[in-house]
Structures are given as C-alpha cells and as structure tokens.
Amino acid sequence: LAKTTQPISMDSYEGQEVNITCSHNNIATNDYITWYQQFPSQGPRFIIQGYKTKVTNEVASLFIPADRKSSTLSLPRVSLSDTAVYYCLVGPMYSGGGADGLTFGKGTHLIIQP
Amino acid sequence: ETGVTQTPRHLVMGMTNKKSLKCEQHLGHNAMYWYKQSAKKPLELMFVYSLEERVENNSVPSRFSPECPNSSHLFLHLHTLQPEDSALYLCASSQVPTDFYGYTFGSGTRLTVV
Chain S
945 LAKTTQPISM DSYEGQEVNI TCSHNNIATN DYITWYQQFP SQGPRFIIQG YKTKVTNEVA
1005 SLFIPADRKS STLSLPRVSL SDTAVYYCLV GPMYSGGGAD GLTFGKGTHL IIQP
Chain R
80 ETGVTQTPRH LVMGMTNKKS LKCEQHLGHN AMYWYKQSAK KPLELMFVYS LEERVENNSV
140 PSRFSPECPN SSHLFLHLHT LQPEDSALYL CASSQVPTDF YGYTFGSGTR LTVV
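The listed protein sequences correspond, in order, to chains S and R.
Residue numbering for the first sequence follows the numbering used here, starting at 945 and increasing by one per position.
Residue numbering for the second sequence follows the numbering used here, starting at 80 and increasing by one per position.
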C-alpha cells in the first residue's frame, strides 16, 4: 500500500464544511483512494472511494487532483455526530487478490463542537 | 445493524481467566478477520481466515487463540492475558477477492484485563 500522511486531529463547528487532506506522493497507477470512518467504540465503515477527479455520495465528496498525489475528503455541513476518526487508504482495488485485510494508519481525529 | 455481530460488547477479566470473544457475520462472506485497537494506536491486524483456513497470523502471542468453525463464525480464545492486552477487539468480514470497500466491521468487544 502507498504511504499516506494526514493530520492527526482537526476541530470544527456544527454547520461548517470540513476538508481533510491526505498526501500520497507514491501513489501507483492502479491505486485507488479509499476513506473509512470510525466512531468511538465502533468498527470502521467505508464512506467513499475514488480514482481521479471528484466523487460524491450521500455522506461525503472526494476531490482528487490530476497528479493524484493528494486527495481531500469533504464533509458538508457537519454535525456533532460526525465526530470520528477518518482513515485514508491507498492501494490497488483488490489488495493482493486474497484475504489480506486492511492496513490502517493513525487517521485524522475530527472533533465537531456546538 | 452492520451484519457483523460481536459478543460480548464489554468484558473484564483477570489475568488468570479464560474467556472467548465471538463474532458472527450474516453477509455470506467467506473471509473473517480479528483486529486489535489499543488506545491511541492504529488498528492492528491479528488473524485472517479465508474459507475457514487461517491464512495470516501477525506475530500474535499464543495467549490469543483464534477459531473459525465455519464461514459465519469466528472466535478469539483468551487465556492468561496481560493488562497491556486491554483494547477494543474488532472483527471484520469480506468476500474474497476483496476490494477496499468490501470490509464490514463489527462494533467490537471492549476488553479490560485487571
């Protein structure tokens, strides 16, 4: 998996848009960018994945510039319930073709305040 | 309901006790995983089972013993644990070959060793 760098923590307020940037300078041609979200005392859950340009779903948007060396997870109008750890993972669509599991970094601890 | 159920949610055990953690998945997946998440540390992959066979054991001490009797059930047997083994233990499942968004996690068992 490509090495990723993301901020350890971020703070924001309810109703704001939050952008979390992940750096992945060594991304390979066949790598995808995937984000997981983990609420306190729960397991991570998939939120969004992309390869290039922009992807949007009901939870978030993912912006990927042309050089793909970074990506930005955008959470619109956050609420207190968006307080969680957000993980950026970069690797080929199928991790080795087998049951390899996922390798998580430290993620970004997002704290939303009233 | 994530489709992956872990019991118990909380467990306190003494260092001389023997206990087991249980994981059950209702998704028809064929691979299951145990992760450990200690305070302020990234998730650590402990064991991987694919088609009911153990395919990975990431240098986990022998006081942790996994068992996968069928593709829907996974156990983690615990004996003579140490206080530093206190952590959130997470189970996940996937369908092999697994892409990055194909992992489903349970809510975990919060283990405290006293």
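Quick caveat, the hints were computed from the structure, so don't treat them as lab data.
Just so it is clear, CB atoms sit at the ideal spot from N, CA and C, and this is done for glycine as well.
Be aware that one or more of the hints could be misleading.
[Unchecked claim] Not the full set, but computed from the structure, chain S residues with beta-carbon under 8 Å of chain R:
hint: 1; residue: 957
hint: 2; residue: 978
hint: 3; residue: 985
hint: 4; residue: 987
hint: 5; residue: 995
hint: 6; residue: 997
hint: 7; residue: 1033
hint: 8; residue: 1037
hint: 9; residue: 1045
hint: 10; residue: 1046
hint: 11; residue: 1047
hint: 12; residue: 1049
hint: 13; residue: 1050
[Unchecked claim] Only pairs whose alpha carbons sit at most 27 Å apart, straight line, appear in this in silico DSS-like list of lysine-lysine:
hint: 14; chain 1: S; residue 1: 1050; chain 2: R; residue 2: 97
hint: 15; chain 1: S; residue 1: 947; chain 2: R; residue 2: 119
hint: 16; chain 1: S; residue 1: 1050; chain 2: R; residue 2: 120
hint: 17; chain 1: R; residue 1: 120; chain 2: R; residue 2: 98
hint: 18; chain 1: S; residue 1: 1013; chain 2: S; residue 2: 996
Inset, instruction - Would you pick out the hints that fail for this structure and give their numbers low to high? - result: 1, 5, 6, 14
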